[in-house]
Every structure is written in C-alpha cells, then in structure tokens.
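Input sequences plus hints: build the corresponding full structure.
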Amino acid sequence: MAKLSLIFALYITTLCVLRTDANIGAGENTPLFRDLCALVALADHQNVESHEAASAISQAEEILQLNMTISEDAWRLMFRKKADGTEWHEEMPESYSNHAEWKALWPAWLKSAKAAKDDESAKAVLKRFGGRELTPQQKKALWKRIQPIAARALAAITTLEELRKAEESEAAKQAQKTIQEAVYGEAKTSAETLTTGGTKLIKGSAKSNTGAACSGSGSTHPASTVVATLLCICSTSSDEQKACVNPSTPLTQWTDGQDGAVSKWDEFKKHCVVNSQATASGPEIPHRLAAIRESLKSSWGSAYLGAFRQTNCEGDQGNGICVQYTGYDAKTPTAFEAVDWVKNLTKTATALEQAEEAKKKSAIIGQQTKQEIEATKAEALIASLETEVQAEKIQPVGSQPPTSSLEKQLKAENECNAAGDDQKKCKDLEGKGCKYDASKTAGQKCTLDEEAKKAAQKAKEETEGKDGKTNTNTTGSNSFAIDRAP
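Residue numbers (mature numbering (1 follows the signal peptide of the UniProt record, and there is no 0)): -22 to -1, 1 to 464.
Read the hints as simulated data drawn from the structure, not as lab findings. Take these hints with a grain of salt, some might be off.
Dumping the calculated DSSO-like pairs for lysine-lysine here, alpha-carbon to alpha-carbon at most 27 Å [what the hints assert, rightly or not]:
#: 1; residue 1: Lys275; residue 2: Lys321
#: 2; residue 1: Lys339; residue 2: Lys155
#: 3; residue 1: Lys59; residue 2: Lys101
#: 4; residue 1: Lys89; residue 2: Lys105
Written out as structure tokens, the structure is:
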C-alpha cells in the first residue's frame, strides 16, 4: 500500500513539473493571431451602403401615383388645406375620424396626391405608364382595373418600409467607423498614424507593463481593442518572441505596456497580412469571433485567450502570453463579451447581417413591383383603346366604384374644411351641414356635422342595398376602397 502511495505521489509531482517547466513554444498562438489579423484587415474595407428597399418603394409609389391621378376629384381634393395645393393636410383631419383605418394609409395617399397636384404633374404620371391621354370614362375604367395592383403596391410599401429600417439602420451605416474603433480604438485605417502613448489602443491609465495591459474584465478591460489583444498574445517580456510569427529579424520584447503599444504594433503589423478580399458585410466577423470564442480557456474564475501556463498573462513564456478575463463565468460570460471590441463587433455583425437580409428581400419585392408596373402599363393601354360605352360597362375587381353619396360627403367635408377656423365663413355654410367646433384642432374647427355624415352614410347604405351588393373592401384587397380609399 505504501508503495502504491509513493508511485502516485511521484506521478503527481511529475505532472506538476511538466506543467511549470513546459514553456510556451513557437507558433502556439499563431491560429489566434490569424483570426485577430483578419479582423484588423476589416478596418480598411469600404462598406457600400445599399438602398434596395428605397428603390422598390419608389417603384410601388409610381403605381399609387397613377391610382391617385385617375381618381375622382372629390377624393384628390380631400388632401388639400387650400384648393390651389399650396397647403396640405399632413395628418388626417379629425373630420375623417370615423374612417379610423385611413390614418395609417394617409402618408402614402398624401404623397401620391402631391405628385398629381396639377395637370402637368398628372400628365407626367400618365406618361410613365404609356403617355396616352385618357377621357374621364377611360380613367374610370382604368381605375377599376388597377385596384388589385394598387392594393399589392400599398402592401409592398408597408413591408418595404420595415425592410428599409434594417437595410439603412444607423448601426449598418456606421459599421466601418465601428469596426475601425474596435480595431484601433479610433476611426483610422492601417495607413494612418495612431494616437501616441497608446491611450486609444489600451484603455485606462498606468498600464505600464504587459501584465497590467493584458488583464481585466468586461467594459473596463485595458485590452479594449483588437490590436491590444493581438499584442498581448504575441508580444512578450521574456525571451520567447515567436508565439505568433517567426520573422527573420527577431522581434523585440514588450515591457513598457501602454506607452510602447503603438511602436510595438508598428513592428507587428507588417506580419498581420490576410486575404484582402474579406468583406465586413459577409460572414467574416461572426466567423472570426466564433473561432476566437472557441479559443477561450477557463481556470479558477478567469478565462484566458492565448497560451497560458500559470499565474497570469504578463508575457512570460513560463506563465502566460495571453489575455486574462477575470471573474469569468461560462453561463454569463460578460467578462469577455462586454469587452469593448467584442461587444461592438458583435453588434455590428448582427446589423450587417440584418441589412444584407433586408437587401435581398427588398430586391425580390422590387422585381415583383417592376412586373406590376408592366401589368399596369398594359391595363392603361387597354383602357385607352376602349370606347366610352365599353369603359362604363367594366366592373371593378374586388370593389365597387365610388357612390355618389360618398362623393357628395367628401365634397361637403372639403367645403367645410376650406373655411378653416373662420367662424363666420363656417356659419355661412351651415346650410351645407358645416358646424363650427372650437374644441377641434387649429385649422380644422369647421367640419361636417355628425347629422350630415349620418345622412350621407345612410344614403350610401340604401344605394348599396338596391343592387343587393355589400361593400366588403379592406385595405388588403383594395388600396383605395370605398370608405377607405378612392
């Protein structure tokens, strides 16, 4: 039994000797060095902003502009504060509050109304769809024909507006600046001179040696940049200078921490060469970050990036040529994840991925919208070739044409709104159902009274009842539906 105990003790002693005597060797941090250098290279990459969603929105808006151009006058005038088109209702007037579903659609309609505010503007819109002059009846026929197309265009705009937020997000726009700051601590490229004293590369003050510069936790970690991290895993204060590279001219030791960081990087960056075709908008950032995370090793409440033997990351070949993250917990790894360069590159990678996905989806919708425009041009051609009698007989798809009662209501509301806040003018219009209400929003105090609105609605319902048809339009099936849009 004593013999077995002696053998076991000798075995443990041997392991301890191997652990402390096996110094860090040449090339031990080379794979990690390559991953960090790949991130450094991204600071010189020029990200190109894309605007696929905005382009597709413009195409869809052309369809809505045509739809507005050929709509009834009563509808088009509804968006004007002044009849001459010098002032517009930028928000839906309270007088139309009984049409709650209009509020979300008002901005798109208003933009279309402004695009067709006069004859010249209307002609320009028509020109884009074939350039043919249309009679009132032909316009009416075309309006009926394109309602399903207009509905899809409006739905596309709603989707594209959300995609544009991702494609043109502030994080995506600022990606290049964020990457540069993550790499160097300031928005600079490899060709520019870094701030002397290492105060941008290494966070904090009094980081006068390798150990002080390479140990910390989370947002206060001194090695707050990619370059600082690279220096910690490649530069030493001892004899081993080949942990990352093996140049013909031996590298010098790094013993002055923050003060010597910039000059040390100038010595190292010539060896930090990677494929220049790497792009920040592709999978490069998440790919490299994943590899770096996999390199982390934890021991006694700390995590280590790079070669570690014992004690700390002071650049000694017998202890550690590494970065230490104190207070590390694998379940909540903020000691590493909250370090400035890690946190900011992670956020940027997510933003760029979302922007790229939004770009692809927007491009698909854009192609579909181009096809819708061609279909609309074909409908415009058909309408221009029809006689007025044929045009009158055409029935709309999925909707009913504006009833005279609705047109009268819109016209009456426009007349009331034109009086604005002038109480005398509003009183003169009482015979037309106008009523002055001082509690209403400025500019909208003269409105059509509720009795007049109810009378118009009743007349409309009676008209629908005569032909046995019920209006079932929604914004999903008709972008300019009765009681919702022209």
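Hint check results:
Distance restraint check for Lys275 and Lys321: the Cα-Cα separation of roughly 19 Å lies within the 27 Å cut-off, and the hinted pair is therefore satisfied. Restraint check: the Cα-Cα separation between Lys339 and Lys155 comes to about 26 Å, which is no more than 27 Å; the hinted pair holds. Distance check on the hinted pair: Lys59 and Lys101 sit about 23 Å apart at the alpha-carbon level, within 27 Å; holds. Simply put, Lys89 and Lys105 have alpha-carbon atoms about 18 Å apart, close enough for the 27 Å limit, and the pair holds.
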